[in-house]
Amino acid sequence: MTAFRYSRSVHLAGALVLVGAVATGCGGGKTGSGGSDKTTGVTITVALATEPPPQASIDAFTKSTGITVKWTNTDWDSLQTKIAAAATAKTYFADATDVDWSRVGQLGKLNWFYPMENYLDTKALAAEMPQLTSFSSNGHVVGIPYDASFLVTTVNKKLFTKAGISTMPTTIDEYTADLKQIKSKNVAQYPLNIPFAAAEGLSTYWYQTTAAFGGTILDGSGKPQFATPDSPGYRAAQWMVDAIKQGLVPPGNINVADSQGQQTLMAKGVVASTFADYSGNVGSLYSVPASSTVVDQVAYLSTPGVGGAGPNMSNPDGIGIPRQAKYPAAAAKFIDWFTSAQNQADFAGASGPDKVMPGYFLPSRLAGMAELTQKGKLIGGQQLADLLKNSAKPVFPEGAPSWYPEFSKSVYTSLHAAATGSMSVDDAIHAMAGTANKLSS
Amino acid sequence: MTVGTHSGRRHDVPPAGTAAPGRAGPRRRFDLLPYALVTPLTLFIVALALVPAGVTIVQSFFRVDELDPPTRFTGLDNFRQLFADGAVRSSLVNTGLYVVIGVLLSTVLGIVMAVTLQRPFRGRSILIAVLILPWALPGVVEGLVWTGIWDANIGLLNSVLTSTHLISHYQVFLGQHRFLTILAIELVQVWQMTPLSTLLILASLQNIPSELYEAAVLDGCTPWQALRRITLPLARPGIAIAMVQAVIATLNVFDQPYVLNGSADTGASLTMQTYFISFQNLDFGEGYALSLLITVATLILSLGVVKLVYRQVEF
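Protein chains in written order, with this note's numbering: chain A, 1 to 441; chain B, 1 to 315.
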């Protein structure tokens, strides 16, 4: 009987401990805004959709600053959900996290992130980071670009040459004619890669094509600039849909996303060109024997525009400090270190494989890009550096609107529907313009 | 031995130690332990299910838009906007198709597989272990795996069909035609759900006494008649539970259509719309309203299935 009583007491105590634990769990974890200014002896959480830098580099940062870094790698979609959920609930989530160029307007309006000019000399940074303008909203810098990403045309020179094309196209008309020649000579059954899956990559492809046709998407007040048939945006959409209808694009591409098309079509020599490709793909994907069958065949091409080379649309990744950060000042020190020219060059491979950050290819600082190019560690480095400095432009010169995600969804679902034939190009443009008009009014 | 299926209550003998009616039994001391043991679970349920459910119900009648503050009461506006939204209406049709195809297929396949596994045979336990694997995989992983099968440019299915000359050129399975897209996506979910349906039905079948089948054989019953007259009626509790879990899973399908077909209208589900409305548009009020509608639909359909299929079985 004693044993029985003992057992019941233990169970009761255990149950009470559980109750306490549950109550603590439910009530704990709330952290308001206005974090600590401490910059030593603290641990910060960095949440990004990428692998961390090498542990040795992070250890060196910890040794020099006293700031320990806990890195969380979360996929991009989940990360955006976590950022929104945590900010809405005013709950701590991370000290530094992703600021995507497309969310800048939303984040700026909602005041979910600290203005970076409070912590860093953003005016000085602007001269060094051409894409910093993509992170400005309402006069504040919401995040700092940590890589340079812009859209650029890539061509498989071997396939072009095989089709008898010796001079690379400089205009969109020449480019289209060359693609048709490649198809007609049976060099590639489907020479062009356009990712028509209903996803963000389709929107950015259209933005880049619209820029090549000499236009913009929205004006400063968010009104659509692509509604009439003679507008560059309309013509760009028509050109893309015609390309799949005329057999220049694989029919299966209506369900192929951007990176998927680059990996399974462009890198395998199935298609001859991607009009809006990722900057850095030639070195990081097409020239890597493990992932490519077209090594040394693919090169960057200045964007074929209406009357010559067109611009390249920026879509860089940035890092910022959420309002609920526990240690914003320490996070700012980390961002300063993480985006320094030397570290960026090291992460991209300028100082050997030990300092490489997986998946990191292009520094956002011109100095980082220059070092990488000088050391010959970046294929097409000089061309990319020139494009970054002179040709890379923000998709929305006035800053992405706060309602960008809803607009983008309308763009990619409508263009996808036009590609499948369930909607005409005119109806698709009408739906996209209607969304922009509704959201901007 | 009595066997039967009915929905009435069983009249049990009072448990030992319980006073019979009309007699005063020994007065029992208040026991804290049972309450203490259920309290953690109760707190979990209250904190993680009932409170959020309550908040969802209340907030669905408010405009909770991060880009359009402040939060304010708007009555049924969120619901009106949902029904006026073409994307939501399209997703409603898609989700209805997911539910019909998914519940029917997973239940039929679950019954077939459970009946196959009912009798012991060599390697049965290994087969059951292998069977569970798709259920254990995350939906996103399954979507990625099946992308390689359905892909219209380099997919396995196209490769097999062309090499066996069943088709002359590669076909587009996803994104082109709505019904084909939904069927292809739902097959992936059925592949995931069926193992659990099988196990639930198999558990019911294991309770059926073998004497019943022996008696049926003596009475001249064929295997098909045994299936119809003994197996299926007595497996109804398991079938009902399997169908309810299939209803819940298909009504809330997200990973498979999102990974396989992106945000396209041809396959978008209601839960995907909830995500877009809440976390892309930051219109949480409308998101709450849609979540509430999905919850109500889940409850109604689940209760309907229970009412229609479930019968209490006694041996």
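Don't take every hint at face value.
Listed next, with one range per pair, are the computed distances between beta-carbon atoms [to be verified]:
#1 B:T56 with A:T62: 39 to 49 Å
#2 B:V140 with A:D354: 29 to 39 Å
#3 A:H430 with B:T39: 56 to 66 Å
Hints listed in this document are in silico derivations from the structure and should not be mistaken for laboratory results. Please read these numbers as outputs of a predicted model, since none were measured by experiment. Glycine included, each C-beta is placed from N, C-alpha and C at the ideal position.
Hints, one by one, checked against the model:
The hinted range of 39 to 49 Å is satisfied by B:T56 and A:T62, whose Cβ atoms lie roughly 43 Å apart. Taken as a hint, the range 29 to 39 Å holds for the pair B:V140 and A:D354, whose Cβ atoms sit roughly 33 Å apart. Checked against the hint of 56 to 66 Å, the C-beta distance between A:H430 and B:T39 comes to roughly 59 Å, which is consistent with it.
This entry satisfies every hint, going by the numbered hints stated previously.
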